[in-house]
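Engineer: So you can see what is in the structure, the chains are spelled out below.
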Amino acid sequence: MRSLLKKRECVMFMMLIGISLCITIITPTFITPSNLLSIVMNNVILAIMAMGMTLVIVTSGIDVSVGSQLGFSAIFVGLMALIPSSNIVTVLAVGIVCGILLGLLNGILIAGAEIPAIVVSLGTMNIFRGSLLLYTNGKWVTSLPMWYTSLYNTSVLGFPIPILILVLVIGLTYFIAQHTRLGRSIYALGGNPAIASRVGINTGKVTLFVFAYMGALTGIASILYGAQLATIDPNAGTSFELMVISAVVIGGANVLGGSGSLLGSLIGVLILGVLQNGIILMRIEPYWQNVVVGLILIMAVTLDIINNRKSEERKKVIYVAEEAKAGVSA
Amino acid sequence: MIQVKRSHELILLLFFIALLVIMRVLAPSFLTVDNLLSVTQQMSEFGILALGVTVIIITSGIDLSVGSIAGLTTIVIAMVYGLSGSLIAAILLGILTGALCGAFNGVLIAKIGVPPILVTLGTMTFFNGIALVLSKGNAISDLPEEFYFVGQGYLFGNIPVQTVIFAILAVITSLLLAKTPWGRRVYAVGNNPVASVFSGVQVDKVLLYVYTFAGIMAAIAGWIISSRVSTARADLGAVYLMQSIAATVLGGTNIAGGSGTIFGTVIGVSVFAVLANGLNLIGVSPFAQNLLMGAALIVVLLINNMVIIKNKITLFIKLNLKSCG
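Each protein sequence line maps, in turn, to chains H and C. Okay, so the first sequence: first residue is 131 according to the numbering used here, each after it adds one. Okay, so the second sequence: first residue is 7 according to the numbering used here, each after it adds one.
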């Protein structure tokens, strides 16, 4: 199982390298350090949210309300930043608390009322966006203070703050997923919910955590969102959820649950980011972007299934044994 | 199973009637023939999308690409008309495009076995990309006068044409599901694909037809939308995607597959349309409509799952009392 997962990431990594090479050959400016940095900087928000989404998808859930959550938190972060006495700590607190509350609402409905995750988040997507638009009356939050907007460009110890935050988020998520009981429970729940609850995992609590964590990360992302754009539109983040889900899926997470790696999702984010950047650099009409992204998505998931089937046929017996082993160890 | 389904439709119907009464009280002009007809006009576009989505969700699938297919259809119709000057050829090719897009989804899902949500997530972006490339991101609006009939015309004095089309398609879909072997196979595949294979159902064929059917419905919806707004644009169908899935689920179709009716979906679609229209008449901000539609979906499902919630709460209280005592 381990080697299989590694293989999947390897394939996607090769694809990333291949795409980058093609772009470099056509426009050498692609490979300059400043351009590479800008690709990372432009996709920090996507990467942070993809970390949370990976865990959600590993539990076989899905959250299509994250775009609305992003807009919701961003507006309240912006309103907080406008209060003269506010500082980084209060802004951070507002963003994270806002995100956690929205995520918890999803989690409670999914775990408590046993409504499927996609349906709950479809509903809450509209509820969050609707209440946000109602509250702001469609008005943008503008004239944000300097100390807040400069957050995005300030460097600490030579690293821009967004990248530091991203590294922290990746580290924390990796720690949770790989080195805690909770992380194992997350993978176990996605692998087989019935067995997970038989071995004593409180599946409701795990679901709650995963969605609340997704919300918290969205809250953190929303702080960077406002700082990056300096004005916040109440429609911010509309259909961003599809970008996040696409990145995670390209990275190899299985929507049926049980597998998916953070590294894979990061590669997925980079593939999307590199494509977006490359299409602009190569002066291709931007309309082609959706065609390419769509094709890559379709190819990635189709190849995945074909590969899985092949390896399944090759070692059917071993597969079953390994699956059982993975279920115990995860 | 059947009892559960019926109780859901009953709850929804009561909810719908209550909604009508509330709207009547708050906005006296709501319950007039003219207004009700305009409600049906507003609901038919995404209602037609929802018909296809319903059939797909019954097979335990999902289709995120229907909005993009509708958008692509509008572009194809406008471009073919621009090139050939024949409206009939344009519309036929548009619907053929929808069918092909649906079949493309169907092949990947049925023959290769990729989960529907992944395939359609990809094709949603892909079809939208094709529409953007074809139209270069522009709106096309040089369409002939006759084209507007479907989206803006009336039959028998004051019945909107699209309402009639929606009604006919709803009846056809309902009959297909309830009265034909194909319909029974659709439910069988959704209930238990393995058992259906062993009972001789060709699951891949059923799925292929189901996705093609949804593609055709999306194409018809796209045709009507572009006729109503007199333009063709790649993103025309996108707003209806989430609405049509939400309306289907609201109508009692189980997202895990196996159950659901067109009747339920039509009520689900009506609830959304009545909410939008009624709130408009009362003068509520359009922003609140979004909120209330989301809330309606969650509330109806909460009522539906009341038994589960009750059990959980009693279990929780029991456990806590035990630990106290």
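Any given hint might turn out to be false.
[As the list claims (entries may be wrong)] In silico lysine-lysine, DSS-like type, Cα no more than 30 Å apart, as pairs:
id : chain 1 : residue 1 : chain 2 : residue 2
1  : C       : K324      : H       : K335
2  : H       : K335      : C       : K185
3  : C       : K211      : H       : K335
4  : C       : K117      : C       : K185
5  : C       : K211      : C       : K185
6  : H       : K440      : C       : K316
7  : H       : K440      : C       : K318
8  : C       : K142      : C       : K211
[Stated by the list, open to error] Computed Cβ-Cβ distance ranges for the label pairs, DEER-style:
id : chain 1 : residue 1 : chain 2 : residue 2 : range
9  : H       : P246      : C       : Y154      : 36 to 42 Å
10 : C       : K318      : H       : N217      : 52 to 58 Å
11 : H       : I436      : C       : Q208      : 34 to 40 Å
12 : C       : Y154      : H       : N217      : 56 to 62 Å
13 : C       : Y160      : H       : I410      : 45 to 51 Å
Hints are computed from structural coordinates only; laboratory data are not their basis. We treat Cβ as the ideally placed atom computed from N, Cα and C, and that holds for glycine.
Engineer: Find the hints from earlier in the document that the structure breaks and name them by number, from lowest to highest.
Structural biologist: 2, 3, 6, 7, 8, 10, 11
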